[in-house]
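Chains as they are written, first to last, in the numbering used here: chain W, 1 to 339; chain B, 1001 to 1257.
Please keep in mind that the hints were generated in silico from the structure rather than gathered at the bench. Because the structure is a prediction, the values reported are computed rather than measured. Note that the Cβ used here is the ideal one computed from N, Cα and C, for glycine as well. Please note that the accuracy of each hint is not assured.
As the list claims (entries may be wrong) - Below are the DMTMM-like pairs computed for lysine to aspartate or glutamate, each with C-alpha atoms no more than 20 Å apart in a straight line:
1. W:Lys5 - B:Glu1095
2. B:Lys1071 - W:Glu232
3. W:Lys335 - B:Glu1095
Said to hold, decoys possible - To spell it out: a stretch of chain B is covered by chain W in this simulated footprint if at least three of its residues, at any positions, have a beta carbon under 8 Å from a beta carbon of chain W; those stretches are:
4. 1069 to 1080
5. 1084 to 1096
6. 1099 to 1112
7. 1234 to 1245
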Amino acid sequence: MSILKVRLRAGHVLRIDARTAVVCAVLAVLSLAVVLAALCYGSGWDRPGDVLAALRGEGPIRVSVTQWRMPRVVAALVFGAALGLAGAIFQNLTRNPLGAPDIIGLDAGAYTGVLLVFSLTVASEATITLAAIGGGLGAALVVYLLSAGGGFSGLRLIVIGIGIQAVLTAVNSWIILRSDLDIAISASVWQAGSLNGLDWVDIDAPVTVIVALSGLLVVLARPLHQAALGDELAVTSGITLPRLRILLVLIGVGLSATVTAVAGPIVFIALSAPQIGRRLAAAAGVPLLPAALTGAFLLTGSDLIAQSLLAPTMLPVGVVTTGVGGLYLLWLLTKEIRR
Amino acid sequence: MNRLRAQGLSLGYGDRLVVEGLDLEVPHGALTAIIGPNACGKSTTLRSLVRLQAARAGSVELDGRPVAAWKAREVARELGFLPQVAVSPEGIRVEALVRRGRYAHQSLLGTWNPSDEDAVASAMESAGGSDLADRLVSELSGGQRQRVWVAMVLAQQTPYLLLDEPTTFLDIAHQYELLRLLRRQVDEGRTVVVVLHDLNQACRFADHVVAMREGTVVAAGPPAEVITAETVEDVFSMACVVVPDPVTGTPMVVPAD
Chain W
1 MSILKVRLRA GHVLRIDART AVVCAVLAVL SLAVVLAALC YGSGWDRPGD VLAALRGEGP
61 IRVSVTQWRM PRVVAALVFG AALGLAGAIF QNLTRNPLGA PDIIGLDAGA YTGVLLVFSL
121 TVASEATITL AAIGGGLGAA LVVYLLSAGG GFSGLRLIVI GIGIQAVLTA VNSWIILRSD
181 LDIAISASVW QAGSLNGLDW VDIDAPVTVI VALSGLLVVL ARPLHQAALG DELAVTSGIT
241 LPRLRILLVL IGVGLSATVT AVAGPIVFIA LSAPQIGRRL AAAAGVPLLP AALTGAFLLT
301 GSDLIAQSLL APTMLPVGVV TTGVGGLYLL WLLTKEIRR
Chain B
1001 MNRLRAQGLS LGYGDRLVVE GLDLEVPHGA LTAIIGPNAC GKSTTLRSLV RLQAARAGSV
1061 ELDGRPVAAW KAREVARELG FLPQVAVSPE GIRVEALVRR GRYAHQSLLG TWNPSDEDAV
1121 ASAMESAGGS DLADRLVSEL SGGQRQRVWV AMVLAQQTPY LLLDEPTTFL DIAHQYELLR
1181 LLRRQVDEGR TVVVVLHDLN QACRFADHVV AMREGTVVAA GPPAEVITAE TVEDVFSMAC
1241 VVVPDPVTGT PMVVPAD
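Pulled out of the complex, with its shape left as it was, chain W reads as follows (with noise of 0.2 Å):
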């Protein structure tokens, strides 16, 4: 195993790990790919020397590439890397790999207070998303209180999430079921997750959301990594726990509450792209820029077959996400139940 040293002033180094290095160059490369490609499918496959053009500035496509599809490629890399991060955080905190949040039933919660909010109060962009967040930690909270003495760690947190998840997903379906027609209708369309016809106005604020929570993970990745070798250890070399946890679970679910905010909740990128990420690069634990990379791959790719396989249907991108990471998940199952 190979690492790359990269020397800063004063004798010190940091090292890198060269196959993780290597694979995130890889993967982001193939996420710039499928970028691309999502910018030449519109109506039809337009020619990318046309889109580089209009990306210039130039040329008779730039309207349609800059202010249409632009924003909704850019909203799939970001929101991947997003629901990826996110992923790799419950992950680490439950040591487990069906710790996702939308698996546990964070992601139902954060759909529950969007919902509330459709129909109790007036909709806007901040109320959404506030009540997304306020929506996944309070079903963080219940998880966390129903599987206390169990610990962060272990499967009885993760058998509890998938209860609440269930609960909520009934409850969703309630709220909707009771609620006025119009309500109905564009909260059902929403629930299935999906990017379409998301426009720059949507996606400015998500967009900065995640960068700025994102930032703090750098700062906050080598104590997440550290605390995975147990709350005792952790404890002893340095980490102040519950303070770290509490800042973790506010931004996975800050992550994944503002892509569900937007985009509805779009599920299972979050439950398989840290896992990819980890196997790709043969790193220890769940590490964060693979699943990041990976999230936004996962994305950005499944977003342009859901435009394109139907063509000119266009379909939830949350109903790739399913099809794929369904198979996944049944996959991960019975090899955890074996174990």
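Given chain W, work out where chain B should sit, using these hints.
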């Protein structure tokens, strides 16, 4: 000058008190063994010394200041701890795990300076893990794995080392290898506190033995003074004969029937 002590310490889980009014002084620069029957509170006491168990009453003090008042990183440079069962992150390799011992010494970004590198190399060397550096921790034998965990705690370079039943899952040869390693640490100036089940090992390797029963200290002192037939019968409720160890001359406990 003894830096680490507990005074009037009470510890418990839920509404059950496990340790009550315990006084304990850890002799500086010595190897202290804590012995006692199962569930006598010895592990709980050890955990309270490294802030893993909050005091219900009384206090644990390091340099006259309650350990609970220390900053996490500061105390992690003074007290190193190895739990009875440690979990390794999936897919981690030996050297990477040992490097985790440097956490409290590193900057925010986790850069490595020459003193970090020296600490890791010498910890691997003295724990006998150098030849395992690139192996997956999950593929090691129990004895090798314990050496790696000890190396990780050694890399933390703390003047105090506290270990909770580190010999439990090892065969007899690996048990003695580990105890000799701990003894070397004391000879190099560190202070070691270890929970042990084997009284004869405690007598051979410890300078100071603390015998506990039902959450209190029954006797504390040099092995020759503490490990007597009366004390062992009192602590473990087992009749025994104490004879000199044929190799070292330290007390050796032989069950009477």
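Right, here's what the structure says about each hint:
Taking the CA atoms of Lys5 (chain W) and Glu1095 (chain B), the gap is near 15 Å; set against the 20 Å cutoff, the hint holds. Proximity of Lys1071 (chain B) to Glu232 (chain W) is assessed by CA-CA distance (about 16 Å); at most 20 Å being required, the pair is judged to hold. In summary, the hint linking Lys335 (chain W) to Glu1095 (chain B) is not supported, as the alpha carbons are separated by about 28 Å, beyond the 20 Å threshold. Proximity of the stretch 1069 to 1080 of chain B to chain W, defined as three or more residues with a beta carbon under 8 Å from a beta carbon of that chain, is established by the 7 residues found.
For the stretch 1084 to 1096 of chain B, the assignment as covered by chain W holds, since 9 residues bring a beta-carbon within under 8 Å of that chain's beta-carbons and 3 suffice. Under the rule that three or more residues need a Cβ within less than 8 Å of chain W, the assignment of the stretch 1099 to 1112 of chain B holds, with 11 such residues. For the stretch 1234 to 1245 of chain B, the stated coverage by chain W is violated: 0 residues have a C-beta nearer than 8 Å to a C-beta of that chain, whereas at least 3 were required.
Violation of the numbered hints given earlier is confined to hints 3 and 7; the remaining hints are satisfied by the structure.
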